[in-house]
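Heads up: the protein sequence lines correspond to chains P and E, in order. Residue 8 is where the first sequence starts when you use this note's numbering, and the numbers rise one by one after that. Residue 8 is where the second sequence starts when you use this note's numbering, and the numbers rise one by one after that.
Bear in mind the hints are in silico, worked out from the structure with no lab data behind them. There may be inaccurate statements among the hints.
[Stated by the list, open to error] Derived list of chain E stretches under chain P, where covered just means 3 residues or more per stretch with a C-beta under 8 Å from a C-beta of chain P:
1. 18 to 28
2. 124 to 133
3. 347 to 358
[Stated by the list, open to error] Pairs of lysine-lysine residues, derived as DSBU-like cross-links and limited to a Cα-Cα distance of at most 30 Å, are as follows:
4. E:21 x E:102
5. E:77 x P:332
6. P:21 x E:216
By construction, the Cβ of each residue, glycine as well, lies at the ideal position given by its N, Cα and C atoms.
Here is how the chains run, residue by residue.
There are 2 protein chains.
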Amino acid sequence: MTMSGVQRNANFAKLQAGYLFPEIARRRNQYLAANPDAKIVSLGIGDTTQPIPEHILAGLQKGVTKLGTKEGYTGYGAEQGVKDLREKIASKLYKNLVEADEVFVSDGAKCDIARLQLMFGANVVSAVQDPSYPVYVDTAVMLGQTGQINADTKQFQNIVYMPCNPSNNFFPDFKSLPRADVYYFCSPNNPTGATATKEQLTSLVKFCKEKGSIVVFDAAYAPFIRTPGVPKSIYEIEGAKDVAIEVNSFSKYAGFTGVRLGWTVVPSNLKFADGTPVRNDWNRVMTTAFNGASNVVQGGGLNCLDDEGLKEIDTLIDYYLQNAKILRDCFISLGFGVHGGIDAPYIWVDMKGKGSWDAFSEILEKIQVVTIPGAGFGPGGEGFLRMSAFAPREACEEAVKRFKALYAK
Amino acid sequence: MTMSGVQRNANFAKLQAGYLFPEIARRRNQYLAANPDAKIVSLGIGDTTQPIPEHILAGLQKGVTKLGTKEGYTGYGAEQGVKDLREKIASKLYKNLVEADEVFVSDGAKCDIARLQLMFGANVVSAVQDPSYPVYVDTAVMLGQTGQINADTKQFQNIVYMPCNPSNNFFPDFKSLPRADVYYFCSPNNPTGATATKEQLTSLVKFCKEKGSIVVFDAAYAPFIRTPGVPKSIYEIEGAKDVAIEVNSFSKYAGFTGVRLGWTVVPSNLKFADGTPVRNDWNRVMTTAFNGASNVVQGGGLNCLDDEGLKEIDTLIDYYLQNAKILRDCFISLGFGVHGGIDAPYIWVDMKGKGSWDAFSEILEKIQVVTIPGAGFGPGGEGFLRMSAFAPREACEEAVKRFKALYAK
Chain P
8 MTMSGVQRNA NFAKLQAGYL FPEIARRRNQ YLAANPDAKI VSLGIGDTTQ PIPEHILAGL
68 QKGVTKLGTK EGYTGYGAEQ GVKDLREKIA SKLYKNLVEA DEVFVSDGAK CDIARLQLMF
128 GANVVSAVQD PSYPVYVDTA VMLGQTGQIN ADTKQFQNIV YMPCNPSNNF FPDFKSLPRA
188 DVYYFCSPNN PTGATATKEQ LTSLVKFCKE KGSIVVFDAA YAPFIRTPGV PKSIYEIEGA
248 KDVAIEVNSF SKYAGFTGVR LGWTVVPSNL KFADGTPVRN DWNRVMTTAF NGASNVVQGG
308 GLNCLDDEGL KEIDTLIDYY LQNAKILRDC FISLGFGVHG GIDAPYIWVD MKGKGSWDAF
368 SEILEKIQVV TIPGAGFGPG GEGFLRMSAF APREACEEAV KRFKALYAK
Chain E
8 MTMSGVQRNA NFAKLQAGYL FPEIARRRNQ YLAANPDAKI VSLGIGDTTQ PIPEHILAGL
68 QKGVTKLGTK EGYTGYGAEQ GVKDLREKIA SKLYKNLVEA DEVFVSDGAK CDIARLQLMF
128 GANVVSAVQD PSYPVYVDTA VMLGQTGQIN ADTKQFQNIV YMPCNPSNNF FPDFKSLPRA
188 DVYYFCSPNN PTGATATKEQ LTSLVKFCKE KGSIVVFDAA YAPFIRTPGV PKSIYEIEGA
248 KDVAIEVNSF SKYAGFTGVR LGWTVVPSNL KFADGTPVRN DWNRVMTTAF NGASNVVQGG
308 GLNCLDDEGL KEIDTLIDYY LQNAKILRDC FISLGFGVHG GIDAPYIWVD MKGKGSWDAF
368 SEILEKIQVV TIPGAGFGPG GEGFLRMSAF APREACEEAV KRFKALYAK
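Using the sequences and the hints given, assemble the complete structure.
Written out as structure tokens, the structure reads:
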């Protein structure tokens, strides 16, 4: 065996296991290998399953076709995205609450979160909702913001975990916790499906302003909000442009999970303590460590934001919201504590004291349904399972049948 | 003015100016604003200009079309790329010198270089050819590997600069320099257009093996190599799989600069000092900080590697190589010292003692041709200009006319 003399990055050694979703896929495939005839139904990873609608698809097609012509061909574009798309995002999705040059188009929210961590660097303290999307914590660890994981609490040193659970209506009590520099906050929430109210987000913005902290608001599930008055963007909150970055993505809007297109808004008046605009350093990251979203894919993004495209998105979201209702109703009828699934594609089910990995395994083995163990989203998710409404309707209905067979008294 | 209390990442403050290529665009646009009638010819950024050929375009089209059907729709794919594409890269481009599961498909070499730096972290010493593609140094600075820049030498503390110039035939004398952990090496070289011989790369691999170092070999310009015997991949060198990572991209192969598709090879037997396979940590980066290349775009990559696609690539490269010859012959006829442009798309011209930013400005102002100042690639590039052969033929011919008018005695 040959080994180099290059020391492994110690931060990577702190990450205990692989990234959550590949681990779920591994367990599913392991089960399938041992039970090749199993008819698995997946309510696991939040992955869209419905075809891309016509008008949006035409945008992608146009993106391709023009590359075959001398007049239409384009090479490197602006690393921040094509101007038309930045403008359309600002006007159609934000009603001009943000400017086009505050919008940075990218290959997705997950990648942008990692790049935001690269920008913040090793010497900030991050706060996350517990449970939360694992990328916030994992990338904070990679960048060296944390110490080791505590084997008992399953928490990393130097991260502020903000408990979000039924007892606080999934909204954290910031004031009782140590101050952090950067607050990652997701609404509609992944994994709990909880949405924050205008009052709650106002208190978040006010708190961060007082403490001199930055909010990274993850709005990837915003189009699922149908209840009037629930904010779809942090910029609906007064003063948010002084404290908040917003990451977002076309993945769940338009079935672009595999197509890869997202954006991040960095307001021009958000500044570091020394007065440097955050946008300057973000621009440096995007131009140096990234090279723009695909020109083909941006063609699809442009059509998403036409009136026709927006209508198609609404229809897709209606479909998934109906799935969410079906799953939610099922677990309510079975007597479980159920959260989310109203303005959100995720159902968060209290497994009545069972450990979440145990519940995951039992359900996989007994009824061949894949879910996600809540503990995969942080220690605060222990005892819960997340179910995704992104499966096809038939799959959701089949899952409901099986859950009823398993749990009905 | 409101300022947050979040400290700016000190590593970003070390980066003196913006990223090179946007800075060139800024100067070009500034000139154009002052001289709106100027007919600018660009030999600047290495950006492809020819349309994507038919068979490759059909792959992209297929990538789109199937997303509109229930059977063909795909969401998240493997973060490492679709299996067929990984296999095709291994067999068609590497003649199975590498395995499919050592190939990680991505949105491009630039992004992969930044992610490699994220994997290596703050505590390695990087070595770069001087001059070199600015991303190696800039991302090393961002990750905290370096000290401040020295105002006199224009070099960052704690980076090993390996001079590459006509006096050493553009191949560095490793042995006279301090040891580094990671050696970034690019052949055919950006910006000098130099190619390393088999003997030279053998000495690089041997040296890194002895010193326990890792090579990051940037082979993005490999298809330009037409001279028999010049290695197109580091893995043509015996023992390279013990020491070398290779980054590569479809950008220059197939005009995919804006389409975004690349790959990185991490051999399974490459290990950190503690025995951890480098591939494990690379996989963690790719699954956590990235989410796979676009499924649409991977469809195009698959067609690139069909026999028809490979033939189309050859035709494209022929075209750009002919441009390179035209530019090279021009500067030779004008009595300049000229390098590169034979198995490479870049011409590296010795500006006879003139500073490279001065030469850049003079040429822009006098004959409205955009070039890239050599000093933008590191202090060792001072006194040179890089010219790109990726312009359309007419532009290259027009530039030659103007250069002759400016410089002919």
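Hint-by-hint comparison with the structure:
no., hint, result
1, 18 to 28, "holds (count 7)"
2, 124 to 133, "holds (count 7)"
3, 347 to 358, "violated (count 0)"
4, E:21 x E:102, "43 Å, violated"
5, E:77 x P:332, "23 Å, holds"
6, P:21 x E:216, "28 Å, holds"
Hints 3, 4 from the list above are not met by this structure, while the remaining hints are.
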